[in-house]
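Chemist: Take a look at the letters that make up each chain.
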Amino acid sequence: MDYAEKFENVSVLGAAGKMGSGILMLTAFEMANLSLKPENKGKIFTLHAIDVSQEALSGLLKNIKSQVLKNAEKNIVQLRKVYANRADLIENIDIINQYIGDVLKLIVPHTHIEASYKSTLIFEAIKEDPDLKVKVFKKINEINTLKPWFFTNTSSIPISYIDKEAKLEGRILGVHFYNPPAVQKLVEVIKSENTKPELHEFASMLIKNLRKIEVPSYDKAGFIGNGHFMRDALYGMEQATKLSVEMPFVEAIYDINKITQDYLIRPMGIFQLIDYVGIDVCQYIMKVMKPYVKDENIHSPLLDKFMELGVKGGQNANGSQKDGFLKYDKGKPVAIYDPAQKQYVAISDISAKCEQKLGAMPATVKPWKVVVGNPAKEEILKKYFAELKTMDTIGANLARNYAKRSKEIGVKLVSNKVAYCDKDVNTVLLTGFFHAYGPINDYLN
Amino acid sequence: MKLRRKIYMVGGYNTTSMGTGRKEFNPKVERPGLEYYIKEAGQGTLKQIGGAKNVDEGVIANFMAARFNYQGNLAGFIPYIDEGLTYKPCTRVEGACGSGALGLMSGIRSVLAETADVVLVIGTEVQNTVKAVYCADILAGAGWFKERKEGHAYFFPGKFSDRAGHYYEKFGKEKTRKAMAKWYVNAIENARLCPTAQEYHNTTKDLESIGMMEPNPRSFVDNLNVFDCSKVSDGASAIAIVSEEGLKRCGIDKKDAIEVIGFGQAQNDITKPPKDLTKLDTTIAAVKKAFEMANVTKEQIATVECHDCFTITGILAVEAIGFAEHGKGTDFILEGNTSRTGKVPFNTTGGLVGWGHPTGATGVHQAVTILEQLTGKAGNAQINIPAARPYGLTVNMGGDDKTLVSIVYKKA
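For the record, the sequence lines run as chains A and B. Going by the numbering used here, the first sequence opens with residue 1283, and the numbers climb by one from there. Going by the numbering used here, the second sequence opens with residue 111, and the numbers climb by one from there.
Simulated from the structure, these hints should not be mistaken for laboratory data. If a hint is listed, it holds; no wrong ones were tucked in.
List time: in silico BS3-like cross-link candidates among lysine-lysine, alpha-carbon distance up to 25 Å:
#1 B:Lys138 to A:Lys1356
#2 A:Lys1347 to B:Lys138
#3 A:Lys1686 to A:Lys1502
So that you can see chain A by itself, here it is in the shape it has in the complex (with noise of 0.2 Å):
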């Protein structure tokens, strides 16, 4: 079976979820792209979108369809060329009609999973459960008699332990996007122990044809990303732990979540990574991961006592920020919430006080946004962080330990075997949390 057959009926599971209809747009694209070459002329290509909730699927295609707009205006000069024996099509706005509504054509949706019985090519974005994964996969691979592939996009939960448990006789691989998947560039791949070749032949091709890129992961639960990510969660809250027991919990959190974005030169400080992805994650994440992980704790009261308070983070429906650990104002942190009190505190009442306890600032140093996509990037971090070693305040030795445990946790991904090498985890970090440097790094030494 070729590549492009494969694709003539896919389903998406949990397809009105965050990622699966990042995960479905993306698939939409490509499976648009082959129907549109002259060879698949007069083959059907149906997309299913299958999700629990009938209410999301109905915002779904509405959002879909303005993701295609967006994508379809950027790439028109490509689109004249897939629409060039099309008489009829004329002008830039004809073609992009035209593509949007083949784009959509694909898809149907559906609420319940009996539509994936005939699909070839599975992808699956539900919660991430392990049991629930299973159930699932084990449900469609006993009734669809096409042998199907599963491409699921767990960010922690071992191939190998699904494989087995849903019987899939090596018809599964992790193809792990990150969010928003339309936009990231990184997808990490995982194979199982019995994976076959021809399913990570398929989906290097996927990925290559979405410019995206793949970065391997052995099969170690939370795989590369979340293995740095909780990690370096875990610590930051720990830190924050600890300084609260001198000064109110909100002050610490924002000393932290300033320590990770401002002094490490981070998109978003932890506590406000912590949200975006939402504490509920966090907290799942971590309890898949834990079984797997001997040597260390993979657990956070803190998060268990923000769970209990029903502070959850996460995002809505229309990408917007909910409040978690931090409140928001127009995507914007704005306030710390006090479990305490049980209220979130203005970080304008606290923010000089706090700056003040922490020390200046490097003066070398420059916002993330500035460096990023610096051609210079590398001497400027070069000479902040030789300014940040030298420095004695209490902002400046929090941040040097901090750099240096996030490498720590690098190094280990890579000696326990997480990752197969040092850049592997360095592209997870630069292409998958958008760092502007990867944590295994010279820079402190």
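Model the placement of chain B on the given structure of chain A, informed by the hints.
Modeler: Chain B alone, transformed into the frame defined by chain A:
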């Protein structure tokens, strides 16, 4: 051909050229429409010429309001500027990006025909109603629609990218790109001196390396980067074309006026491709006529406003006017001759690349800029006009070197 009557231009006014680059521009917020710009520019000129009562006739130049703004019958907006213009004869003219100068020509002819002594000419375009990808569709109307299907998604950038490609091949890519980058640098540096310019707020330090950026054929055209292109703009310009009697009626001193001493208008067949992609034939024809009528030579020109819809067009225009031989326009520019302190400063408030290109307004904007420069009213953008060379030249182009007007002006 000789002018049978003296023709002057007075009371020039430019609105801001609004669009990307301006700090106050936000594509997500509703912005003023066509009528706002027409009114602002029209009133700006009326104030300087003693009001609507002095106006005999109105002309409005515009390219594609029918598509950008779903608006036709633009002559109807002239009385909207001032009630005093009601019942006066008004006309709308169109010649793609050359509409503005066709408007000027229409006014000049009325004054020459002695059917008017004061003609108010307004040029306008409001283009930011659509995204660039659709704007390209609309502007493609300046070419032959039968070529649209075969053309590039960005139709006109595609046309001039082909011209640039041929020029690279014939005369060397490296030097040509350097000259294009230099053109860009001049444009932005000039625009920074003119508060109405779209690039007035530009603070980029290293303009040259931006100008040298490698084109990206995947998302744009083969031989041009986005900085090689003029801007997508909303704006309007207005000016009054008057006779000697008109000057008196408006109470304007000659020192505040410029005289039109020659013009050349030339048209080419929209269905035919250019004979030589490295030349602007029709521009050559129009400029030649203008110089002949004015009886001046290029050496006497103190400043030029040329139609640099793309940086490569700037190079081709320098050659078409005759400042450099075919293939040597690049040297002329790289030697600094077209810079604001050079031998003959071009586009002193930024031109189409720097000031902006509200298509239907551009021809009028060029006249306003020459008026300001020759009368010493260009503010921070003022260049030195040598007493021995009190002449200015404009070249306004519609389509791919199809609809051309060139005008020679003299300090009155």
